[in-house]
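**Q** Chain by chain, the residues run as shown.
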Amino acid sequence: MLTISQFESRSVVIPTRDIDTDQIMPARFLTTTSREGLGEYLFHDLRLDSEGNPVEDFVLNLPEAEGCEILVGGNNFGCGSSREHAPWALLDYGFRAVISTEIADIFRSNSLKNGLIPIVVDAETHDYLLSNPGIMLAVDVARSTLTLPDGNVVHFPIDGFARYCLVEGVDQLGFLRKQLDSIQQFEEARSWTP
Amino acid sequence: MAAARTLFEKVWAEHVVAEETPDTPAVLYVDLHLIHEVTTPQAFSMLQEQGLKVRRPDLTLATMDHSTPTTPVSSFKDLAVVGESAANQIAQMEANCEEFGIELLGFDSEHRGIVHIIGPQLGATQPGKTIVCGDSHTSTHGAFGALAFGIGTTEVGHVLATQCLLQRKPKTLAINVTGQLGKGVSAKDLILAIIGQIGVDGGTGHVIEFRGEAVMAMDMDERMTICNMSIEAGARAGMIAPDEKTIAYLTDRPRAPKGADWDAAVSRWQLLKSDDGAEYDRSVSIAADRLGPMVTFGTNPGMVIGIDEPVPTDRGNPSFEKALQYMQIEMGKPISETEVDVVFVGSCTNSRLSDLKQAAELLRGHKIADGVRMLVVPGSQQIKKQAEAIGLDQVFTAAGAEWRESGCSMCLGMNGDTVARGKLSVSTSNRNFEGRQGIGARTVLASPMTAAASAIAGHVADPRRYLP
Numbered sequence: 001m002l003t004i005s006q007f008e009s010r011s012v013v014i015p016t017r018d019i020d021t022d023q024i025m026p027a028r029f030l031t032t033t034s035r036e037g038l039g040e041y042l043f044h045d046l047r048l049d050s051e052g053n054p055v056e057d058f059v060l061n062l063p064e065a066e067g068c069e070i071l072v073g074g075n076n077f078g079c080g081s082s083r084e085h086a087p088w089a090l091l092d093y094g095f096r097a098v099i100s101t102e103i104a105d106i107f108r109s110n111s112l113k114n115g116l117i118p119i120v121v122d123a124e125t126h127d128y129l130l131s132n133p134g135i136m137l138a139v140d141v142a143r144s145t146l147t148l149p150d151g152n153v154v155h156f157p158i159d160g161f162a163r164y165c166l167v168e169g170v171d172q173l174g175f176l177r178k179q180l181d182s183i184q185q186f187e188e189a190r191s192w193t194p
Numbered sequence: 195m196a197a198a199r200t201l202f203e204k205v206w207a208e209h210v211v212a213e214e215t216p217d218t219p220a221v222l223y224v225d226l227h228l229i230h231e232v233t234t235p236q237a238f239s240m241l242q243e244q245g246l247k248v249r250r251p252d253l254t255l256a257t258m259d260h261s262t263p264t265t266p267v268s269s270f271k272d273l274a275v276v277g278e279s280a281a282n283q284i285a286q287m288e289a290n291c292e293e294f295g296i297e298l299l300g301f302d303s304e305h306r307g308i309v310h311i312i313g314p315q316l317g318a319t320q321p322g323k324t325i326v327c328g329d330s331h332t333s334t335h336g337a338f339g340a341l342a343f344g345i346g347t348t349e350v351g352h353v354l355a356t357q358c359l360l361q362r363k364p365k366t367l368a369i370n371v372t373g374q375l376g377k378g379v380s381a382k383d384l385i386l387a388i389i390g391q392i393g394v395d396g397g398t399g400h401v402i403e404f405r406g407e408a409v410m411a412m413d414m415d416e417r418m419t420i421c422n423m424s425i426e427a428g429a430r431a432g433m434i435a436p437d438e439k440t441i442a443y444l445t446d447r448p449r450a451p452k453g454a455d456w457d458a459a460v461s462r463w464q465l466l467k468s469d470d471g472a473e474y475d476r477s478v479s480i481a482a483d484r485l486g487p488m489v490t491f492g493t494n495p496g497m498v499i500g501i502d503e504p505v506p507t508d509r510g511n512p513s514f515e516k517a518l519q520y521m522q523i524e525m526g527k528p529i530s531e532t533e534v535d536v537v538f539v540g541s542c543t544n545s546r547l548s549d550l551k552q553a554a555e556l557l558r559g560h561k562i563a564d565g566v567r568m569l570v571v572p573g574s575q576q577i578k579k580q581a582e583a584i585g586l587d588q589v590f591t592a593a594g595a596e597w598r599e600s601g602c603s604m605c606l607g608m609n610g611d612t613v614a615r616g617k618l619s620v621s622t623s624n625r626n627f628e629g630r631q632g633i634g635a636r637t638v639l640a641s642p643m644t645a646a647a648s649a650i651a652g653h654v655a656d657p658r659r660y661l662p
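One line per chain: the protein sequences are A and B, in this order.
Just so you know, my numbering puts 149 at position 149 of the first sequence, and the rest follows in order with no gaps.
Just so you know, my numbering puts 464 at position 270 of the second sequence, and the rest follows in order with no gaps.
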């Protein structure tokens, strides 16, 4: 597993609130059996018209979005379906972090397991990010900080264990498998069996 | 004396293998792992790459529902999966279950159906269990007093390999529903009203416990509808304390405990309720008796109004304006003037026998309006059989609706059942997101009764007009 500690990128902004995982990754592409190469489906129906041509004014199709690795979304990003295909698609497209005032539970959990950093910021910082697309942002996962171009440093909450796994490159399944003895003892000690 | 605990805390505590610490999450044991074809292939690939086995195939139950065709067939052998990649995914599910020794209720099984319908129907869903599935609507099973929640595919791999998950303990949210629902008003209307009140992010980080007179008056089908949509309020799970209705529902189900085990289980289940004085992190109240039928007007389940209300006005809010533009619905206009192209009765929210009965009672003796297509998709092959035994299929087809095989169908349009671009669908499903039922499809979420009334009227219609 890769370690992830620091990166810098310009931001791209999709200000809509409640961006759901059906918009991020439409259901009809979920028939894949792979987790690779899903970037081509990212925001598919917002990014491409019915002929498959780029929608000119959709932000990810603008030249300035090229190479941006940080996506700023409206409030409550990633709600809806549990499909892990959503963070897989964002990562494959080139994103490394998503910023909002709130990030839905399952999407956040899925993101952390794949190295996409979910960053929750206060409303004031969020307003600033929404109204200043394209600014250079620095993310430090180990310190849980987002640094703005004016040097202001914003701390973001991140589960300590998830952060440890990201920074140290720890595989969560490996960690869980070290508990197999305890799991077996738990099974044997139960007063009822499922 | 032990501290008063909530229902959630009791179930959680019974499944902690290792307590959480500031540095590490809890290791939580899973009693039932439900799996389906869409969110598991990459998890099985991971097991294969690492040479791991499924630790407890006996606690794992598989079915295929998302890309299952629903076109009526006389034999399962005639089921034709739409699209090469869906067919490949289904073949891979069959191969994975075979390789790892997991029971698959596949196309040839009389018990197959939507994963959240068949768990309860078989009696595999039981009070006090932890139940997970790579599917956000796993919250449905909480209606039995289980702790049930959706997980991602990486976590599906964790459960397959270890029967456990790494979890931080969520917060608790009590939703107290006072009074009783009126005639023509159903569980679906109540949960839509709750989501409208607390918002699509109102439950984030929380497990909801639905409580109060109106909830306990509901049958199990209705309680499942309520818990099913907990995720649409962003909640981790929804739960309802088990009672005599829960026990009656599970009695003699194929996978419910038998004999002395049953008696022991019932004694255990009877303790599964929040203690008097137990504290929740948050509490919300809602009055059931003031509610009418509810419908959505926007592009998330929180954008919801009473069926006799005008569409709200929120000019200058870009997300709101964008949603209404997508829906081609105008602010200030009565929602009941919205013309309908498609009506869908189905999904893990509303495809149980009582849902089909409610829709059929309204349709009996009526024809659906010219130009409206209506699909009725039972939640499982068992429900299909039960509905046919009491002639519901005849009521639907006589009215001009299509009676289909079971599956997720038009809820998310993965199996070829889709709503065409720009068409408006009144749907008993759970999500009205942009493109959810098909590219450019416009979805109005409603109860089975409202869906049936709208099919007859050809526009969004109040079911109370049609009630006997």
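Hint data in this document are derived by calculation from the structure and do not stem from the laboratory.
Keep in mind the model is a prediction, meaning the values are calculated, not measured.
Please note that the accuracy of each hint is not assured.
Stated by the list, open to error - No more than 30 Å apart at the CA atoms, straight line, and that leaves these computed lysine-lysine pairs for DSS-like: (1) B:Lys377 with A:Lys178; (2) B:Lys377 with B:Lys452; (3) A:Lys178 with B:Lys439; (4) A:Lys178 with B:Lys516; (5) B:Lys365 with B:Lys377.
What the hints assert, rightly or not - Which residues of chain B face chain A? A partial, calculated answer using Cβ under 8 Å: (6) Ala212; (7) Pro263; (8) Thr265; (9) Pro266; (10) Ser268; (11) Ser269; (12) Leu273; (13) Gly328; (14) Ala355; (15) Gln357; (16) Gly390; (17) Gln391; (18) Arg430; (19) Phe627.
Cβ atoms here follow ideal geometry from the backbone N, Cα and C, with glycine treated the same way.
**Q** Determine for every hint whether it applies to the structure shown.
**A** Checked hints:
1. Between Lys377 of chain B and Lys178 of chain A the CA atoms are separated by roughly 56 Å; this puts the pair beyond 30 Å, and the hint is violated.
2. Note on Lys377 of chain B and Lys452 of chain B: the hinted pairing is violated, with a Cα-Cα distance of about 38 Å set against a maximum of 30 Å.
3. Restraint check for Lys178 of chain A and Lys439 of chain B: the C-alpha separation of about 41 Å exceeds 30 Å, so the hint is violated.
4. Distance restraint check for Lys178 of chain A and Lys516 of chain B: the Cα-Cα separation of roughly 49 Å exceeds the 30 Å cut-off, and the hinted pair is therefore not satisfied.
5. The straight-line distance between the Cα atoms of Lys365 of chain B and Lys377 of chain B is roughly 34 Å, outside the 30 Å bound, and the hint therefore fails.
6. Interface restraint check: Ala212 of chain B against chain A, minimum CB-CB distance 6 Å, threshold 8 Å, status holds.
7. With 8 Å as the threshold, the beta carbon of Pro263 of chain B stays out of range of chain A, its nearest partner Cβ sitting at about 13 Å, so the hint is violated.
8. The criterion of a C-beta within 8 Å of any C-beta in chain A is not met by Thr265 of chain B, whose closest approach is roughly 18 Å, and the hint is violated.
9. For Pro266 of chain B, the interface hint is violated, the least distance from its beta-carbon to any beta-carbon of chain A being 23 Å, above 8 Å.
10. Annotation: interface hint on Ser268 of chain B violated; nearest CB of chain A at approximately 26 Å, more than 8 Å.
11. Taking 8 Å as the C-beta cut-off, the interface hint given for Ser269 of chain B is violated, the closest approach to chain A being about 24 Å.
12. At a threshold of 8 Å, the smallest CB-CB gap from Leu273 of chain B to chain A is about 16 Å, leaving the interface hint violated.
13. Against a cut-off of 8 Å between C-beta atoms, the interface hint on Gly328 of chain B holds, since the closest Cβ of chain A lies about 6 Å away.
14. Contact between Ala355 of chain B and chain A, as hinted, is supported at the beta carbon level, the nearest pair being about 6 Å apart and thus within 8 Å.
15. Hint status for Gln357 of chain B: holds, given a least beta-carbon distance of 7 Å to chain A, under 8 Å.
16. For Gly390 of chain B, the suggested interface contact is broken, since its CB lies about 13 Å from the closest CB of chain A, more than 8 Å.
17. About 16 Å separates the beta-carbon of Gln391 of chain B from the nearest beta-carbon of chain A, more than 8 Å, and the hint is not met.
18. Interface hint at Arg430 of chain B: satisfied, since its Cβ lies 6 Å from the closest Cβ of chain A, which is below the 8 Å cut-off.
19. At about 4 Å, the closest approach between the beta carbon of Phe627 of chain B and any beta carbon in chain A falls short of 8 Å, and the interface hint on this residue holds.
Hints 1, 2, 3, 4, 5, 7, 8, 9, 10, 11, 12, 16 and 17 from the list above are not met by this structure, while the remaining hints are.
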